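From first to last, the protein sequence lines stand for chains A and B.
Heads up: the first sequence at position 171 corresponds to 171 in our numbering, and the numbers run straight through without jumps.
Heads up: the second sequence at position 49 corresponds to 49 in our numbering, and the numbers run straight through without jumps.
A portion of the hints provided could be inaccurate.
Stated by the list, open to error - Here are some chain B residues pointing at chain A (derived, C-beta under 7 Å):
| hint | residue |
| --- | --- |
| 1 | 118 |
| 2 | 120 |
| 3 | 123 |
| 4 | 134 |
| 5 | 146 |
| 6 | 255 |
| 7 | 259 |
Just so you know, these hints were derived from the structure itself, not from any lab.
Everything numeric in this text was worked out from a predicted model, so none of it was measured.
Beta carbons are placed, not taken as given, at the ideal position from N, Cα and C, and that holds for glycine.
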Amino acid sequence: MSPRRSQLVFAALLGLAVGVSGETLLFLQRQARVVEQALEQDFRVLLFLRADADDGKLKVLAEQLRALPDVDDVRPVGRQEQLSDLRRDDPELVESVMLVGDNPLTPAFEVRLAEGGIGRVTEWLTRAQSVADFADARYKPAEVQAILQARFYARFIDLALAAAVCALAALVLAGLWAARRAKSLWTRQSGWPAAASAVAAAVAAALVAALLLPMRGLSAWWDFPGALAQALLVAAAAGAGWALCARPE
Amino acid sequence: MRAAGVIALAGGLALGAAAAASAQTVKAQKRRELTDVQKQLEQTRRDIEQYKQQEQALGQDLQKIQSRTGESRRKLEQLRQHEADAERRKTELKAKLVSLGQASAYWHDALAADVRRHAWAQASRNEFYGRGDLWAEAFTRAAALEKVDLLLSLQGVSRQTALAEAESRRKAQELSQRKRLAQQEHETTQQEYERKKAAIAETHEKVAEAVARAKELEESARALTRLIRALREPRTASASKARPHWDVPANSLLWPAQGSVLKPFGRQRNPELDTWVINQGILLQTASGAAVAAVRGGKVIFSGPFRSYGQVLILDHGSNLFSIYGELGALLTKKGDQVQPGEVIAKAGSDGASAGGRLYFELRRGTEALDPLIWLKKP
C-alpha cells in the first residue's frame, strides 16, 4: 500500500472512530435532555388543604403560592374535580375506598416549579407552609433526583463535546498553519479533498451502521440529535481528516 | 265493777228479805252502795266521753294515715314508672352498645383494607414518574384518615354510651332500692292503718261496752233506789231486833274451791277499762267444773240464775253471815237445803276463754261486804 493510500485509510478509520464517539455523545446528550424535559413536565408538588374551602379562598391561596419564588404555575384542584379524575382513572379504587359515602379529599394545589427550583423543593415547601396550614404535601423525591441526574448528564456531555470540538478546531488550525508555511495550501497535490471526503464518508457510515439502523426499531420515545449537529459533526470530521492527512509538499 | 254492782244488788235483794239487820243500817248501807254506784256511773260516763274522744282522735289519725297511704301509693307508682323507664333506657343503651361495637368492627376492617391498599400502592408505585400516583395515594390516605376519624368518633360514642349505660344501671338499682323502701313504707303505713282501724273498732266496742255498763249501773242505781224506798216502809218486829252476836273468827272458813285468786277484794285498777273498780268479792281461777263447797254450814236461801252472773247460790250461815257463790256451772242444792261445812253445793263454771273454770265468791256480814281472804283459812 502506498503511503498516500495508507494515509487515506488511516483518515477514514480515524473518522469512523470519531464519528461513532461523537454521535454517541450527541445521542446521549439528546436523550438526557429529553428525559429531563419529560420529568420536568411531569413533576408537580401537590399541596392539600386541611379543610374544605370555597373557590374565592382557593384563588387567593393560588395567587399567594404563585407569588412564591421558583414557581412556574399553580393550579387549584377542587374536591369534586379530584374525585372525578380519580373515578375516571381508577373507578374501582374510588368505589372500594369510598365506603363512608363522602368525598374524603380536601381541596389541593398542583404546583409546577421552575427549572431552578426543583433542586430546592424542600426549602420551597417550608416557604409554602407560610401561605396556609397544609395538611399534606406530596411529590416524588426520586423524580427530583432523576431530573437532577439527567440534567447533570446533559451538561457533562455538553462540556465533553465542547472540549472535543475545541480540540478538533485546534487540530484544523495547526494543519492550516503548516500548509501556509509550505505554500501548498489549496493545491491539488495536497490531497485534502480526498482526506476530508474519506473522513466524512466514514462518519456518515458510522451514523448509519452504528446508530441509526440498530436503533430504528426501538421506542419512538428516543430522540435523535438534530440535523445541524450532525452536519457540524461531519464538517468537523472532514476538517480533522484534512488536517491529519495534509502534508507539506 | 259490774259484778260488784250486780252481786251487791242481788245480795241486797236477798238479804233484804232475809237479813235481820235493822232497817236504818240497811238503809244507810244501801245509800252508800247507791253513792258508789252513782260514782261508778259518773266514772263510766266520763269513760264513755273519753273513749269517744279517743275514737275521734283515732278517726283523725286514720284519715291522716289514709292520706299518707294514698301518697305512698302514688309515690310507689311513680317509682315503678321511673324504674320501668330506667330499665327500658338500660336495654336501649345495651342494644346501642352492641350496635356500636358491630359498626366499629366493620369500620375497623374497612380501615385495615384501606391501609393495606395504601401500603400496596406506595410499594408498587413508580418512584420516578407519573403524578397520578400521588392523587391516588392522597385519596386512599384521606379515606383511611376519614375512617380513623369515624372509628374514633364511634369509640367516643361507645365510651359515652357505656358510661350512660352504667349510669342507667346504677339509677335502676337505686330506683329499685327506693321502690323497695317505698314498698316497705307503704306496707308499714298500711299496717298502721289496719292497727288504727282495729283500735277504733276496739274503742268502739269499749264505748258500746261502757254504754251497756252505764245502763246496767243505771238500772242498779234504780234498783237500789227502789230498795231504799222499800226500806223506808215499816218493818216487822223481827226486823227491828238488835244486831245478832258475831262469833266468826278470822281464817276460820273453808275455801269454796281449789284455785288461785284472779281478782282480789276491794278497789282495784281495771287495765282494760282504764279505771278503778270496787270488787265486793273475789274471783277464783279453778279447774273447769271444780267442786264448790260450803265455807260453813248453813241454809240455802237463794239458788238459781241471776242476771249476767249465771247460776248464783246464797247461803245463810247464821250470825248475820252470808256467803254468795256466782258464775257457777251447775247447782247441786236448792233453796231451803241445809248444808254442812265443806259439802259440795255446786260446780264451777267455765270461763269461756280457756279450759279453766272460775268462781265468784262474796262474804257478807249483814249487807256489809267482807274481804273473804281475811276470813277464809290460809291456804
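Here is how each hint holds up against the structure:
Given the 7 Å rule on beta carbons, the hint for residue 118 of chain B is violated: about 9 Å separates it from the nearest Cβ of chain A. Because the beta carbon of residue 120 of chain B sits about 11 Å from the nearest beta carbon in chain A, more than 7 Å, this interface hint is broken. Look at residue 123 of chain B: its Cβ only gets to about 14 Å from chain A, farther than 7 Å, so that hint breaks. Nearest Cβ of chain A to the Cβ of residue 134 of chain B: about 4 Å, under the 7 Å cut. The hint holds.
Hint on residue 146 of chain B holds. Least Cβ distance to chain A is approximately 4 Å, under the 7 Å limit. Proximity of residue 255 of chain B to chain A is violated relative to the hint, the smallest CB-CB distance being about 109 Å (cut-off 7 Å). Checking residue 259 of chain B against chain A: minimum C-beta separation of about 101 Å lies over 7 Å; hint violated.
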